[in-house]
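Each chain, letter by letter, is given below.
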Amino acid sequence: MAELTPKERVMRLLKKEPIDTMPFFSGMGMVVMPGIEKSGFNFATVHTSAERMAWSAIHSAKLMNFDCVVIPYDMTMESEAMGNTISLYEDSEDILYPTIPNKIWSTMDEVVVPDKIWEKGRLPILKEAIKIIKENAPELPIGCWQLGPFTQAGQILELDVMLKGVFKQKEKVGETLDKLSDMIIGIGQHLQEAGCDYIVLREPGVAADLLSPKTFKEFIQPRLTRILAGWKSPKLLHICGKTEPLLSMMAECGADGLTVDIKCDVRKGREILGPDVLFMGNLDTYTMTCDEKTPVQTSIDHIKDMIDGGVDAVMPGCDLWPAIIEENMKACVDTTHEHGKKASPAVGRL
Amino acid sequence: MATKEELLEKLKEGVVEYEEDTVKEASQQWLDDGYVALDGIMDGLAAGMEIVGDLYDKNEYFVPEVLMCADALYGGLAILRPHVPDSEEGINAQVVIGSIQGDVHDIGKNLVKMMFDVAGWDVHDLGRDVPLENFVEEQLRTDSEVVAMSAMMTTTMLGMKKVIAMIKEKNPDVAIMLGGAPVTKDVANLFGADGYAESAGNAVSEGIKMIGRLREMRAKG
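One line per chain: the protein sequences are Z and G, in this order.
As numbered in our numbering, residues -12 to 337 make up the first sequence, in order.
As numbered in our numbering, residues 0 to 220 make up the second sequence, in order.
Bound-form chain Z, shown alone (with noise of 0.2 Å):
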């Protein structure tokens, strides 16, 4: 059979579906700086523009290889559309991605979510790149995401109104995350609408790192599988840090798919798992693709050593840092499609 498109490859995959080799994609940040400087655009300004948006993401993933466009970028148009001021580090020389430095609200009481925030703040442009990727990238599927409740009550309030909230205002921690899980159903819904081919709900604030698994199955499993029952397939729930001891329950909150970070070991996440589950991570998103002192064959073992440790796809565990160093890069998307040949533990071949 002849090789697949990149659409058909991960829409297969999301299905699982029999594929030609894995892919490399994401449901989290994908823009790297050649993709970025090739649309000719400053990464401060990718944020704010539908076109630069849609052009900055498709010149990435051809540019590398990826098979798959994620947008937004950053986690502050929600909260933006809510009223806050984002700072865009216009005059940095880093690249740095848009934050909320002040938020208006102290309280959870205060917290309102406007009706159709979708057609607020900046928030419509993700409609408008989405069909501008759709019309001059068709072979490209387009991932977009949406914050989980916790991590995105971290964008509109201090995350200790919260994270103490959790023991001394039980019932408002509740009412708040409620009513941002009826905002992330909406936008999400809207998204797929727009034409977005896969969902991704990420919430890494709740990592066992941080919130213990008791902490998790009380608030946040209940919200995420209320979520993900809103949107329609394909839909992955991903969550960075410790993630071992909340595999069982991330299994069970209705996703198509799973994805994690470094900090979880694939091979014993396999294990919990088991094969059917659909469980893809989880590239080292800065020592593997960023750090100049990496050779080149560290990044193709790593790349390796993760499909042979049971992934069904190569998913950066975060954000692709966008200073890539491109050989390194390059070397694990096609590492990923040379190795990916044979069937994964979920997923089989054509």
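Please keep in mind that the hints were generated in silico from the structure rather than gathered at the bench.
Be aware that a few hints might be false.
What the hints assert, rightly or not - With a straight-line cut-off of 20 Å between C-alpha atoms, the simulated SDA-like cross-links for lysine to any residue are:
hint	chain 1	residue 1	chain 2	residue 2
1	Z	151	G	19
2	Z	201	G	56
3	G	161	Z	78
These numbers were taken from a predicted model, which means no experiment stands behind them.
Using the hints, position chain G against chain Z.
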């Protein structure tokens, strides 16, 4: 009237059980009964925080619990610290601390700051989202022995490397401590840092061990 041991136990337990009011009352009682303030800090509050560190290491406590214990500790520290004469502060050292530019997270930074506060260091807290050159300027201005930086996100971590280079160029003797979720020991080594704390919680257990060592030194001295 409570004995000295009973009050120390109350300070310790109050921190572990995150009962801020109990800690405040016991701290005031400690002073009213004429005990040495620094003993209350080190053998009460800090000893309690050591237990918290153990509970964190054993996965019995997580970051929310540690944050609440920290609040209880600060409640007591605010009462006891003003009564510690300068000459009695076990250590005469300074630290510059902050979250790196692009990073608006400061939980880990604040927990590490607490450890330095407890240990009696002069803490120069630059806050969060701190421009890189501010670390260098503040270190030079204060002649601090330690610079502690945190980054919660991979995307901001690289700024640390630049700060380390800038500081080491001007003053190679400064000890540099890195922490934050994406920072691994390998990264800290690659960047040329002297110390490393894996996460907010790990910073706690590392910081607590440091306090433990200071307490041992004090007991011997």
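Evaluation of the provided hints:
1. 151/Z <-> 19/G: 13 Å, holds
2. 201/Z <-> 56/G: Satisfied, since the Cα-Cα distance of roughly 16 Å is no more than 20 Å.
3. 161/G <-> 78/Z: 17 Å, holds
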